[in-house]
Amino acid sequence: MALRKRITALALTGAAVLGLGVAAAGPAAAIYRVDTSTCNAHDDYFTLWNYPPKVCFADNGAVNVAIYEVYRVDSGNNSGYFSGTASGSTFGVYFSAFKQYGGQGTSTVSYINITGR
Amino acid sequence: MSTRVRGLALGVIAVSLAACGSSGGHRAEAAPPALGAVPIVTEPGQVSLPTDAYLVTPAQITDIIRAQDLVTAQCMAEYGLTGRPTVLFGLDEVVSDRATRSLVYGYFDLANAGAKGYATEGIQQLPSGGDAAGGGSDQDQIALSGADPRTGQAVTALAGKPLPAGGCQQKGRDALGGSTPAPSVGDLPDGGPKVPVTDPRLVEAFATWSACMKEKGFDYKEPVNAIGDQAWRRSGGAGPSQQEIATATADVACKVANNTVGVAVAVQTAYANQYIESHTAKLTAYRQRIDDMLRKAAELAAATPAKS
Numbered sequence: 510m511a512l513r514k515r516i517t518a519l520a521l522t523g524a525a526v527l528g529l530g531v532a533a534a535g536p537a538a539a540i541y542r543v544d545t546s547t548c549n550a551h552d553d554y555f556t557l558w559n560y561p562p563k564v565c566f567a568d569n570g571a572v573n574v575a576i577y578e579v580y581r582v583d584s585g586n587n588s589g590y591f592s593g594t595a596s597g598s599t600f601g602v603y604f605s606a607f608k609q610y611g612g613q614g615t616s617t618v619s620y621i622n623i624t625g626r
Numbered sequence: 024m025s026t027r028v029r030g031l032a033l034g035v036i037a038v039s040l041a042a043c044g045s046s047g048g049h050r051a052e053a054a055p056p057a058l059g060a061v062p063i064v065t066e067p068g069q070v071s072l073p074t075d076a077y078l079v080t081p082a083q084i085t086d087i088i089r090a091q092d093l094v095t096a097q098c099m100a101e102y103g104l105t106g107r108p109t110v111l112f113g114l115d116e117v118v119s120d121r122a123t124r125s126l127v128y129g130y131f132d133l134a135n136a137g138a139k140g141y142a143t144e145g146i147q148q149l150p151s152g153g154d155a156a157g158g159g160s161d162q163d164q165i166a167l168s169g170a171d172p173r174t175g176q177a178v179t180a181l182a183g184k185p186l187p188a189g190g191c192q193q194k195g196r197d198a199l200g201g202s203t204p205a206p207s208v209g210d211l212p213d214g215g216p217k218v219p220v221t222d223p224r225l226v227e228a229f230a231t232w233s234a235c236m237k238e239k240g241f242d243y244k245e246p247v248n249a250i251g252d253q254a255w256r257r258s259g260g261a262g263p264s265q266q267e268i269a270t271a272t273a274d275v276a277c278k279v280a281n282n283t284v285g286v287a288v289a290v291q292t293a294y295a296n297q298y299i300e301s302h303t304a305k306l307t308a309y310r311q312r313i314d315d316m317l318r319k320a321a322e323l324a325a326a327t328p329a330k331s
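Taken in sequence, the protein lines are chains A and B. The number in my numbering is simply the position in the first sequence, starting from 1, with 509 added. The number in my numbering is simply the position in the second sequence, starting from 1, with 23 added.
No wet-lab data here; the hints were simulated from the structure. Be careful, since some hints might not be right.
Restraint ranges, calculated between C-beta atoms of paired labels, are given here [said to hold, decoys possible]:
#1 THR65/B - THR545/A: 41 to 49 Å
#2 ASP544/A - GLN253/B: 18 to 26 Å
#3 SER71/B - TYR541/A: 28 to 36 Å
#4 ASP544/A - PRO328/B: 46 to 54 Å
#5 TYR541/A - PRO73/B: 41 to 49 Å
#6 ASP544/A - PRO187/B: 25 to 33 Å
#7 ASN135/B - ASP544/A: 32 to 40 Å
#8 ALA82/B - ASP544/A: 34 to 42 Å
#9 ASP315/B - ASN549/A: 37 to 45 Å
#10 THR545/A - ARG224/B: 34 to 42 Å
#11 TYR541/A - THR174/B: 16 to 24 Å
C-beta atoms are modelled at their ideal positions from N, C-alpha and C, and glycine is treated no differently.
Chain A on its own, in the form it takes in the complex (with noise of 0.2 Å):
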């Protein structure tokens, strides 16, 4: 049940990454989804882990998502923003570049804003 849970939460993501993109406000929110192929070839990303394949982006700004089952996040070499929900409560994580957040249980992914460096 789990991995059909986790590929369906995959599908999802898709869907919501390109379906509810929402740029905030502001002349630097030109940050997007990389293709996955992309993804699995570069490691400076924005990435997020829910199950296989990750999903990444790049460039600055923010954008509302819906990425569930996220059990990791390497920052890449960019900083900036992600907040998300569990438990239906809110969290917000500030990262730093080339870090590694997470890595036990799983979040939902509901906002990115990278501002790089």
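Start from chain A and add chain B according to the hints.
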């Protein structure tokens, strides 16, 4: 590994050059800005840049997010749901990381290199939900994000009432004036100053650092290649390897021995001064936006009865 590291280096160069072309007409072939005095930097606390004064502080960010939470909770209540305050992680660390995890000079965390290597761990565990989706009920998710967790599609109404685009979280951000600010230089207009790694002063300083590393048995062309080495990415709470600790220790030692960070700070300062001069109006507008957010946050806090 070397290909990946090379790719990262090229990526940084490409980003820097591209950014140069988009920030006020600064061309890659233009003469680099003159340096002022080169400080001797032997610890992260000595790193300061002219742009620091323009950055939003953790306390200000906390005030803004608390106010966003108030609006989000009011929005949630309209649908019979309970909004909860955002639990914040990493805010103070991001501020200290500005000096210890640089995209210009790489790693400079003398306090942690010997025990934690490149200290790549952020928070060990993301907040986790009890269900597989990791985030409360579907209704909560829909209200917060404006997306249906089962279909991934935007939801425009909930409980018979229209739902704002992006959900109640976005309504909270919009009420404060847009995207949540971050205490990093990249949050500044046009992404802050761009420092090309092709700057000849950096090229020379990094070559000296690289030679020092080579003498210690480590082969990296630029500092960012060392901190960005894929070998340091760990999972499952594993600690740093002896190799990582040895590399990180050599990395910071070579920087102290050769004043690599001092040179980098001097170069960054030169570009930062150039940036501030060419972005006066945008920086004023940026600061005004933050001040407006803080004013709205104070008004919202004052208008909301405190819960005991």
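Violated constraints from the hint list, given by number and in increasing order: 5
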